[in-house]
Structure formats: structure tokens, C-alpha cells
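Make a model of the complete structure from these sequences and hints.
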Amino acid sequence: MKSQRTLAYLLLLPSTLFLLAFFVVPFIQVAWLGLTVEGQPTFQHFQTLSADWKFGPAMKNTFMLVGILVPLQVIFALAMAQMVAKLERARDIILYIWTIPLGVSDLAAGLIWLAILEQTGFLNSFLNAVGLIKGQVNWLQYGNMWALLTAVVLAEIWRSTALMLVILVAGMGLIPKEYAEAAEVFGAGPWKRFFKVTLPLLKPSLQTALILRTILAFEVFGVAAALTGTNLPVLLGETFNWQFNLQDRSVASAYALIVLAISVAFTLVFLRVLRVRSEQRA
Amino acid sequence: MKLNRLAGVVSAVALTVGAFAAGGAQAQSLLFWSTQATPLEEGQKMRDLVLKPFGSPVEFQSMDAGPFNTRIKAELQANKGTIAVIGGLHGEFTVYDKNLVDLSDVAKGLGDVKVNETFAKLGKLGGEQQKYMPWMQATYLMAANKKALEYLPAGADVNALTYDQLIAWGKTLKEKTGGPKIGIPAGPRGLLARFVQGYLYPSFTDSMVTKFRSAEAEKMWGTMKTLWAETNPASTSYNFMQEALLTDEVWVVWDHAARLQEAFNTRPDDFIAFPAPAGPTGRGFMPVIAGIGIPSTAPDQANAKKLIAHLMQPKTQVETLRATGFFPVVDVQIPDDVQPSVKIEAAAIAKQSSAKDAKPGLLPVGLGDQGGQFNKVYTDTFQRILLANHPIREVLDSQGAQLKAILEKTGAPCWAPDKPSTGACPVE
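These protein sequences, in sequence, are chains A and B.
Count along the first sequence starting at 1, add 18, and that's the number in the working numbering.
Count along the second sequence starting at 1, add 246, and that's the number in the working numbering.
Nothing false has been slipped in among the hints.
Below, in silico cross-link-like pairs of lysine-lysine (DSSO-like), each with a Cα-Cα straight-line distance of 27 Å or less:
id: 1; chain 1: B; residue 1: LYS422; chain 2: A; residue 2: LYS152
id: 2; chain 1: A; residue 1: LYS72; chain 2: B; residue 2: LYS471
id: 3; chain 1: A; residue 1: LYS72; chain 2: B; residue 2: LYS650
id: 4; chain 1: B; residue 1: LYS561; chain 2: B; residue 2: LYS597
No wet-lab data here; the hints were simulated from the structure.
All of these numbers come straight from a predicted model, not from anything done at the bench.
Pasting the structure below:
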């Protein structure tokens, strides 16, 4: 018995060491960098970053992106999961195809969409061919805030909705068929069954999906960088900028801590709002 | 402390190696210590094309600025050296102001070789003695599609434009061709900061730092606003202007010579290069100047001076161009067998640096790792005034305060075109 327990700890050791080395230690280093100057605690780096004129726009843009992106993705992922659940054949193949974009790195996804949306891109060629526009319109200009936002939202939806989809499909698989059948017997239509049966029972998966997706959405970077350059500053883009272009690791760390704080706050909100009572767990 | 010890060890090793080199078989060979031509291939070409014809053996060593400075400093401290000639950027020489041999006699002995006067003067580092001889140059310049030339304002000479004429040109282009045709590299990896630092400010305020928030600067940004109105707004995503030239998105551009050469090499008959425009205080431009000098500890200084004279010969300068892609600093005929970009750009660069109203604004010196922050002040000013429409005065005041903080933190004294300062360069 005892040796079995030791074995369990031994088996856990590698991943624990990995987490310590690559998550906890860097986190402490980042916190130290962001909160000290020559060993003395300070908020100086936060003052520097909030005095920078790009901080406000970066904050606003990131929140707008998340605010538009996550609800849309929830709707899409739910719809897609429903469709997959209804499939009799080729379910796995469809699921595989839908999850392909997940395998694409975010920068690559940004570049794919850039090839479509840029001035000499496919969209303009198409619009030109059907005669809707003359010449080449530059959609992704610094003045077109909404066009820039839309482009990033489109690319992110394409790239990462499947992440939620996979979690939701797994969650739907766990819901016993009997509930829906019973509801049907009592005359509930498809919409009613979805809202009264599926959705409440899906809460645990929805919670996981929302937390994961929201955290990742606050870390939007590659797609925004590829599609908008510096025209649409976002929090992580500014972090990168301070770290590598401006060579100020402390301010970059301060940015990283802000992103962390926001992520933690949202996680707590989701845990609270979508609370699942233990007897409700599927 | 640890660093000091490390530096000590490094210099000790360097000295030992140097002593061996000096005492060994290569006793008479000159050690040419350089931060330029660091890629292996360029270094080899330097040895084969440039230094072999000198006759007497030269050992050419190129490296990054770190080891470059460590050994020079160690030799100066020991007051005994093996390095005969140093080659580096202007900013790398300013550090050794007091430890360089006067090269005035070399300059006088060049006979009918015509050295660019603007650069020769920079080589004096603000004093009387010739501290270094200009060696080679690169810079930023304008390029245009030949189609744009017919829209030039009446009486304007493309080789002697003013900013007002450029604005008028851009306006006509926009009206007659269906869209703005001026482009600047204001993208994330574009060199916009250099445009503001080395072209706008010197042309309008005769300064880069000191008059950052002056009344002249305020007026300059007003002019820049009208120029921006005629500029393609896609500029905020341009990084290398050669790309936008080749897709015909824009016809008139500014960029670094190296970032334009692709356009000239791909379609040499379609594009021209020409000097940057002039403003009220001159034709501001930012030369990237490399020089050659002799440290006071150099052995065999007579032979070292001969090597420098050799490097200044027009023939050698052309070979240096072939080896490094940097342009000559003396009057030369560029031969026909070089790449089209070299031929086209060389002519424009010569015109720009020898223009009567030339106003060189040098690369920042002494900023260390604050170089990125320094550039950010200028790009932020550009973005806030032109893209975000913040009031000019307010932006200049707040960005000026940041500029002041950076200079005080680094203690960097002024560089051209600002007048030399004793302490950190002031922001008035």
C-alpha cells in the first residue's frame, strides 16, 4: 500500500517539476521584475505603462475584442456541437475537419486572413471580379477601427471556436439521452429542450470552455499583429513591444501581471456565475 | 565587481593573444580592428578585394561592438597596443576622442582624391584634428516611380526638392491618379523614427533633440500634417518600401538604401533615386558613416597611416563597396559591372551628402539600451499627432518630457546637428 502511494507521488513528480520550472519560477521572476526597482517594492513600472498613451487604447481594444469574440464563439460552438450531436454518420470526420484550424498557430492564422483581407488580397480580387468595387480598397487601415476589429474577430472565430466546440461536444456526450426523450414525451419542442434540458446540464463544460477561451482571448496577439501591425494595439502586443523593442523587461512584466489579473478576475466570475452544485455534476 | 573581473580576464587573454600575434611570424602585419563587415563573406571580401592590393600584410578582424571596445580599452589602459587601425561607426569613435592619432597629414597627402567635406568635418569630432577619416557610408533616401515625374510641380528639380514641393507633388498625384501615391515606412518594422529624427527635425529646426518641443517643431508638425494628408494611409503597415514600390501601391517613397535596392534590381528602368527634400534650415539627412582611425597605442603608426591612405583611394573605395555594400565617401566613378541598385543609389547618395544645404543628423550616440525608447518618443509623437489627432503642443510637451528623462538617464551628450554639450543633451 505504502509503496503504491510512493509510486503515485513518483509518477506525479516529473509534471510537478515541469510546472515548477516552467510556470511557477517564471511567474515569480515576472512578478519580481514588475514590482521592484533594485530590490525595493514599487509601482513605478505600472506608472510608466499607464503614462504611455498606448495603454488606454490597448486596454480598450482587448476588452472590445473579448467582448465581441467570446459570446459569438459560445453561440457558434453550441450550434456546431448540436449539429455534431445530431449526426448519425461521419460524425468523427466532420469533427476532425472542424478542428483543423486549432492546429494552426495564431500567427499563421493571422497571415492566412491577411492574404484574404489585405489590399492586394483575395477579398479585393473577388469584389473586383464581380464588380462591387473599383480598384483596390485598403480595408485594414489605421482609421478603420471597426474593420480592424472585425478582421481580428473573424480570424479568431475561424481559428479557435473549435476549442470550445471540442469541450462542448464532450459535455453533450455526457448528458443522458433519457432527459431529452422525457422532455419530448411531455411535448417540449427542440428549442425548449435545448434551453431547458441541454443548456443547464451543459453548465460544467460551458464553464470550462468559457474560462479557457476567455483567458486565451485576453492573450490575443499573433492574429492582431499579423492583421493590424501596430494599428490596433492590444495588451499582449504592448507587452511584446516593451520587452523586445523598448528593452524594458520591468514594464513588460507589469503588462503581463495586468493580463494575469484580468484573467484571474474573469475566471472567478465564471466560477461564481456558472456555479455547479455537486449533486448536479453529470 | 564580477563584471570587472570578467573584463579583466578578457583583456588579459586579449593582451596575451595580441602579444603572441605581435611577437610571432606576423610581426610586420597590421591589425585592422573593425565593427564593420562582420558577416564572414564580407570579411573575406575585405581581405581579398580591399586589403590584398595594399601590398604589406594586414590582419582584418571584425566583430560586434562589445569585444571591439573591450580590447581597445584594455590596450589604452595598458598604454601598449597591437591594434594598428580601427574601423567603426561615427558613434564608436566619439568614445575615443582623446586617444586617436591626428590624421590631418593623411588627409593632406591624398592629393587629388576628393573626400566628402561634410564627413571629413564630422571626422574631426568637433575639434581641429582629423580624429578619423571617413571610410564608407550608407543612408536613407527617396525613390520614385518614373511615372510620377510628370506630375512634379512646375519648376521643381527632383534632385533639389523642398518639403513644400513634395506636398504639392503628392497633392497632384493624389488628384490625378486616383489615390495618394506617397509612402513612408511607418509599419511596426519600418524605420519611421529615423525619418523624424534625421530628416524632419534637422530640416525644420536644425536640431534633433534640443529643439524637440520648440516653436519651429510645432510648425514642422503642422507641415507634416499636410504632407500626411497626401500620403497613402496604408503607410502605417509599410516596413520595407521596396515592396510597396514593386506592387505600384505608391510611387514616391523614403527609406534606407538597403530597403529600396530590391526595387532597383528588379525593375532598374522604372525607378529613380533622389535626395531627401529640404526644409527651412537645410536638407536634413541621416548618414550612417563608418570611419577609420589609429589609436594612440598603435605600433608602426607610419605604416598604419599608409593603410588608411590606401583605403581612401577611389579604386579601393569601389572594392569596399563591392565587399560591404557601403558607399564611397570620395568622388569616384562607379563601374558598370555593379548591381543596378548600387549605381542608382550611389548617384543619389552623393548628391544628397554633397548638397550645398546638406544638414547631416547623426545616428544617436551614447544611448546604450535606451535606443528603442528614444525611437519610441519620435514614433509616438508621429502616431499621436497624425494618427490619433492629439493637439501638437500637448504631444510635444509630454513626449519632450520623456525624451528629457531618457537623455538624463543615459547622460548622452548632444550629437550633430545639435551643438556639443558638456553634460546630457538638454531638451529646451
